[in-house]
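Letter by letter, the chains look like this.
There are 2 protein chains.
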Amino acid sequence: MKRLAFIFFLIACSSPVFAQQDSAKLAGQYRDAATKILASSMQDSLAYTRLAELCDRFGPRLSGTPNLERAIDWCLEKLKADGFDNVRSEPVKVPYWIRGDESCELLQPRPKSLAMLGLGGSVSTPPDGLTAEVLVVGDFEELEQRSKEANGKIVLFNSPFTNYGETVRIRVLGAQRAAKYGAVASLIRSVGPFSMNTPHTGGMAYADSLPKIPHAALSLEDAEMLSRMSKRGEKIVVKLKMSGKFAADSALSRNVIAEIKGTHKPDEIIAFGGHIDSWDVGQGAMDDGGGCLVSWQALKLIKQLGLKPKRTLRLVLWTNEENGMRGAKSYAERHAAEKHVFCLESDAGVFKPTGFSFAGKEPFLSMAKAVTGLLSAMQPMKLSPGSPGADVAPLVEKGVSGVGLLVDGTKYFWYHHTHADTMDKLNPKEMNECVAAIALMVYVASDFQFQLP
Amino acid sequence: MKRLAFIFFLIACSSPVFAQQDSAKLAGQYRDAATKILASSMQDSLAYTRLAELCDRFGPRLSGTPNLERAIDWCLEKLKADGFDNVRSEPVKVPYWIRGDESCELLQPRPKSLAMLGLGGSVSTPPDGLTAEVLVVGDFEELEQRSKEANGKIVLFNSPFTNYGETVRIRVLGAQRAAKYGAVASLIRSVGPFSMNTPHTGGMAYADSLPKIPHAALSLEDAEMLSRMSKRGEKIVVKLKMSGKFAADSALSRNVIAEIKGTHKPDEIIAFGGHIDSWDVGQGAMDDGGGCLVSWQALKLIKQLGLKPKRTLRLVLWTNEENGMRGAKSYAERHAAEKHVFCLESDAGVFKPTGFSFAGKEPFLSMAKAVTGLLSAMQPMKLSPGSPGADVAPLVEKGVSGVGLLVDGTKYFWYHHTHADTMDKLNPKEMNECVAAIALMVYVASDFQFQLP
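Taken in sequence, the protein lines are chains A and B. My numbering puts the first residue of the first sequence at 1, with every later residue one more than the last. My numbering puts the first residue of the second sequence at 1001, with every later residue one more than the last.
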């Protein structure tokens, strides 16, 4: 993120006059298209109703599960029915992890079932579970200070949420750090700022040099309770049972692709979309079924309006973003010889859109500015430097310019990776606004005239 | 509520000048006491830390369970240690209902465990559960229209939350209405405006003339999903398993009492407090451990400040508010011969206090106005006509004037009767503000001079 921000800064400084003139010109040129797209995007609720059908019908869509593959079949069928070009899937080997039965029972100081979710990729406990005393620490620093107390215990990291990037380190690295000092398992306070006894799952990583110990998240409520008990000097004993099974790259999934072929430069590609996989809880509505469906609907809207992109518009529904990024890697490798000119990702939720994050160079910066300005007829939108997203990152790293759709993220991390990531958190109007934002951005990217510097 | 509002209105109109003068005089008289109480209430976090200990140590406190009785023992012990007068408990026969194991599995159109909580007092299903097709309706009116479809089915009432008083009718009466048309069980969408896959339990009622069928609440998320499936024309089949056991007034519980004896008129009593029982989920922190602890702390603060109430201040921690109201009835009967002059209840949560609801007559209206005004030095407070609460209702019905503590209720019904009613939703400062509000109100009530009209 920091590197990209710096590049953005350099470009913004190097050619401000060019950029400003160019943006204004482009905005004038695409005002009619914008008006059409903004108005038409609000005429139905198809993005919402299709997402609801996908979510209700197949449930959460973890890579390697039949749920996801059935959902992908359904997408392919509907995309074909929509009449897009080159609707197809591309096989991707993905890791396989299945949660199985799991529980975390407080035994001392009093019996209570704790609200928990195993973290994705965690090893299992012995079949009868694992009973041990709990050492509660606030963060990695406190564990270092109290490292001598960890041996043979279950370490609970009760770290309050500050921001995702910072707090998620506990989830990813917690098991390694605890294992380093002889802990037999590790627990974390779920990564989220607000809880209704809501555990959050998510990815984690083991270190090859250290024992692999079971790793799970408790709800904020239960983590805080154990922490208070610990501060009162009470001895805490829990019984953790997890039966997760993991096998690296042993399952098959698919990226999904649908296009509108470019009329003038069909070999120049605008790739955009979201990830079709999700964690195995809730419905994966916001993360990221919504990103897939608003991108899809944007392509459909462009087709319905009879707009003819000069370059090829390619919708990609990446697989395995959550626990492996194999879809993004596979796409980038498989399509390395193609000429990607621009990319867009929607994976920050599909709430009210607020702008785009941008990484790249001119003339795409001016183009993105012009589009952001045009969208402000709908509501205030901002273009900020930042990563467009994880699935287009391999393209961006090779120099392709791109944007990520930004939305009102107030509650995103309330629901993220939980049983509460469900359709009722979304609404058709906000999703349509996301559709409009994506449709205009990719259409202009596919149509505007430019000469690369 | 409507009746009480009318009485208030009559009084307010009948003696406005008297009331205004009286209030101003009282406010002047108790300004020093107010200053002392407001400042001292903020000097520790005892209300919060004691509530946390109560909640963490004993868990939720459903009437008839050992959890509640152990919590009551703990309260009695601490109240004695605080040095109050006449610390004692009074036996109360309470209904016994135990939830047991329960589950609701969606079988068709696809398998999924639904988030559910049986409603308090519900009968059980057969031991192997009960499998039936689901009829989804929005409300009682829709059930009337579709009554012919209900026979042999499980009726799901998917009623969105409007306000508690209105929406709770579905919870209380749903099983009766569904049984009337031959349904084998009934489900409701949980009574709450916001959900993180959070089922809410609560009380319900059977009609003697109709079959008693199992009755449970689903999370908003799952109720909405079933409703969407139904609207798509899909056949919905669930398997409901509940093993709740109920026995009327077969268990013993206790009301808890602690006093500061009045110096001049010890036989005139100010009764105030909250209910010590809770539902069997979460911690009963907000509903209503908090109400008990802020009332208790108010009494402690008065004692610590060396204020000598002329009338007797009596803290009451009522039992069995949630599923029977036996504590309130028993208290009113047992103490019918005593002279209660004023009462206060805190059972609306212990968030930032915003004022009091008032029911009664002069001179207590003027007194309550004066106190509310004095508390506005802390923050804006309002006195409004309204019921002081369920546990003091038997006193108020006999003509005793009283107030209910009002607080910022924005999130009260998010947590109400759920696993999320836990300590982390509260904070020490807001609880101390509740303490200050209660302490000043009951102290002035115990001290001011009046002649009953």
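Be careful, since some hints might not be right.
Unchecked claim - Each pair of labels, with its calculated beta carbon distance range:
(1) P211(A) - R1169(B): 52 to 58 Å
(2) G1233(B) - D73(A): 41 to 47 Å
(3) S1209(B) - T162(A): 38 to 44 Å
(4) R1146(B) - T162(A): 46 to 52 Å
These are computed hints drawn from the structure, not numbers from a lab. Because the structure is a prediction, the values reported are computed rather than measured. Yeah, the Cβ is synthetic: ideal placement off N, Cα and C, and Gly gets one too.
Status of the hints after comparison with the structure:
Checked against the hint of 52 to 58 Å, the C-beta distance between P211(A) and R1169(B) comes to roughly 56 Å, which is consistent with it. Take G1233(B) and D73(A): their Cβ atoms lie about 21 Å apart, and the range 41 to 47 Å is violated. For the hinted restraint 38 to 44 Å between S1209(B) and T162(A), the CB-CB distance of approximately 58 Å leaves it violated. In this structure the supplied range 46 to 52 Å holds for R1146(B) paired with T162(A), their Cβ-Cβ distance being about 51 Å.
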